[in-house]
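*Asks:* The residues making up each chain are set out below.
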Amino acid sequence: MNAIAAARRTWNERLFYLFALPFAALVIVFGLWPIAQSIRVAFLDSYTALSPDPRWVGFANFETIFADPYFHASLRITLIFTALSVVANVAVALGLALAINSPLVRRGSTFFKLCIFLPVITPDVAAFIVWKAMYDQDFGAINAALAALGLPPMAFLARADSALWAITVAELWKHVGFYTIIFLTNLALLDPELDRAAMLDGASWRQRLVHVTLPQLRPAITINAVYALIQFLKTFTVAVVMTRGGPNFATNFVSYYAYRRFDEALYGEATAMATTLFVLVGALGYAMYWAAERRDWR
Amino acid sequence: MTAHRRLVQLAAYLGLGAVSLVFVYPYWWMVVSSLRRTQEVMTAPLRLLPERFDFTAYEQIGRIGGIPLAHYVWNSLAVTIASTAVAVLVTALAAYALSRRPKLRGLQLVRYGFLLTIMYPYMLLLIPVYLVMHQLGLLGSYAGIVLFLSLGPIQFFLFDQFFRSIPKELIEAALVDGAGEWQVLWKVVLPMSRNVVGTVTLVTFLLNWAQWFPVIVISTAPTTYTLPAALLLLNTELGASFQAILALATVTTLPVVVVFLLTQRRVMEGFAAGAVKG
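Taken in sequence, the protein lines are chains E and R. With positions in the first sequence counted from 1, the corresponding number in the working numbering is that position plus 1. With positions in the second sequence counted from 1, the corresponding number in the working numbering is that position plus 313.
Incorrect hints may appear among the rest.
Here are some of the chain R residues that sit facing chain E, going by a computed Cβ distance under 7 Å [unchecked claim]:
#, residue
1, LEU323
2, ALA325
3, VAL337
4, TRP341
5, MET343
6, ARG424
7, LEU428
8, TYR433
9, TRP525
10, LEU544
Calculated directly from the structure, the hints in this document are not laboratory data. Just so it is clear, the structure is predicted and the values come from calculations on it, not from any experiment. Don't be surprised by glycine CBs; every beta carbon is placed ideally from N, CA and C.
Work out the full structure: start from the sequences and follow the hints.
*Replies:* Structure follows, in structure tokens:
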């Protein structure tokens with residue numbers, strides 16, 4: 002009897018390993034193996050990296066990219082853009098979620114949610130192509146709208162000093178719905194009794210927001226901020242579609258720069274940049290999470 | 314309701330209404346501009362309705378890069394549906410195994426490996442994926458594209474969350490009654506999972522339809538391109554009119570917008586749940 006039970010247990014264990022196997026295979030083949038490859042190639046000479054007998058160059062690729070002023074500029078632009086986008090997305094999403102969740106707009110809230118979330122599921126290439134066209138100087142809608150309002154035309158994507166802002170707006174439009182929905186989900190979980198009690202105590206709308214609602218939303222703010230940080234550090238598609246890193250490298254994000262290097266067959270430098278960004282995403286994401294969780298906001 | 318409150322309500326509706334318009338306006342502009350002639354768009358970019366319906370742009374995108382549009386549509390459907398099916402099946406089974414037997418030796422490593430993978434900058438993962446595909450002989454194949462797209466960022470969390478919420482007693486009761494693991498899976502767990510499977514299927518479909526970079530990296534020729542990849546191809550093609558580009562953007566966007574509008578509640582819940590957990 003015991004032998005049968007034991008055999009059955011082993012069989013069941015095998016079954017569960019079998020269930021996990023295809024997924025594990027995907028993770029290894031399309032996740033861990035490429036990551037390992039990427040880190041390995043970062044220490045190889047680009048010209049021999051793909052040959053059967055690659056030459057190890059130690060940290061030479063990292064030395065090259067950190068001596069490259071364009072990479073410095075690329076890192077700086079990526080960090081500025083990320084900071085701008087994290088703040089803009091979290092703040093706007095919070096504002097939209099509070100407005101949509103307000104008892105004043107009970108009717109129609111689904112419609113507002115739909116409109117704001119629609120860009121999230123829209124294919125990014127299509128979305129950014131439309132924004133690029135809307136920013137166009139000749140036939141774009143945005144300059145025409147500015148003119149209709151009596152405002153001077155703007156260069157948007159055509160000039161180095163406005164391109165990053167123009168991209169930030171397009172990216173905000175594309176992603177803010179995602180963060181809004183997360184805030185709305187968390188707002189729905191709040192304890193209404195606390196708000197009611199504060200109201201009975203004569204607390205104003207602003208007092209209730211600052212002392213009742215926001216402290217309860219703290220975990221959601223942390224999650225959204227960390228998510229946004231990871232997302233915007235990796236920004237890529239918008240640069241490919243709208244600016245190709247330009248004008249004059251103004252939107253040359255790290256991931257885009259790495260991709261360009263890869264395209265030029267400079268595999269060592271490309272993967273060194275990729276590895277640097279990976280470390281940056283991990284370190285900043287963790288630091289932000291740690292800071293937000295530790296700090297007492299009340 | 315006090316007058317003050319009414320005023321605030323009006324302001325809230327006006328504000329949210331204006332924001333909503335800003336969010337949907339690009340879709341409207343995309344469709345209308347794809348139906349107008351160049352000169353017409355140049356003179357009045359903001360016109361809300363086309364002067365006449367000019368389908369020249371849609372005729373122009375009949376072939377892109379020498380390949381008929383229908384071929385890209387078919388590729389998009391086939392690749393998205395196949396990768397969604399594989400993703401749902403493979404991810405569900407793994408999440409189920411991990412939730413049922415979290416202590417089984419080595420099984421948690423799958424979770425950590427997955428977490429590490431989704432932390433790596435996705436676009437940059439594709440550089441080495443190109444090398445891996447090359448080594449596996451999958452470059453330029455549909456199989457390579459479908460398999461790569463089967464590993465998604467949030468599907469695992471959605472399934473994991475659901476399977477953990479199944480009461481242990483329920484499964485134990487079935488096992489005590491003499492059911493085998495297969496029977497537990499088919500007769501107890503699967504019928505309960507209909508909802509989560511539906512949600513994950515939808516979310517995966519929408520995410521994978523939008524994928525373009527893996528498609529371009531793994532493809533060796535436009536014959537395996539999906540619609541977003543073809544759109545990028547057209548965008549870089551010299552001499553393509555902006556109406557043609559907007560027409561193809563419309564064709565690329567329309568299916569997901571329709572799917573989303575039909576299933577909006579579920580999709581938004583799915584995205585939110587996957588994110589909160591991850």
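*Asks:* Given R:LEU323 was flagged as interface, is its beta-carbon under 7 Å from a beta-carbon of chain E?
*Replies:* violated, 9 Å
*Asks:* Just to be careful: measuring from the Cβ of R:VAL337 to every Cβ in chain E, is the smallest value less than 7 Å?
*Replies:* Result: holds, 5 Å to nearest chain E Cβ.
*Asks:* Measuring from the C-beta of R:TRP525 to each C-beta in chain E, is the shortest one below 7 Å?
*Replies:* holds, 5 Å
*Asks:* Is the interface hint satisfied for R:ALA325? The criterion is a beta-carbon contact with chain E at less than 7 Å.
*Replies:* holds, 5 Å
*Asks:* Does R:LEU428 hold up as a contact with chain E if the rule is Cβ-Cβ below 7 Å?
*Replies:* Where the cut-off is 7 Å and the nearest Cβ of chain E is about 10 Å from R:LEU428, the hint is violated.
*Asks:* Hold the hint about R:MET343 up to the distance rule: shortest CB distance to chain E must be less than 7 Å.
*Replies:* holds, 5 Å
*Asks:* Is the interface hint for R:TRP341 satisfied, with its Cβ closer than 7 Å to some Cβ of chain E?
*Replies:* Violated - the Cβ of R:TRP341 stays beyond 7 Å from chain E, reaching only about 10 Å at its closest.
*Asks:* How about R:TYR433: closest beta carbon in chain E under 7 Å, or not?
*Replies:* holds, 5 Å
*Asks:* How about R:ARG424: closest beta carbon in chain E under 7 Å, or not?
*Replies:* Nearest chain E Cβ about 9 Å off; hint violated.
*Asks:* Taking 7 Å as the limit, does the beta-carbon of R:LEU544 come near enough to a beta-carbon in chain E?
*Replies:* holds, 5 Å
When held up to the earlier numbered hints, the structure conflicts with 1, 4, 6, 7 and fits the remainder.
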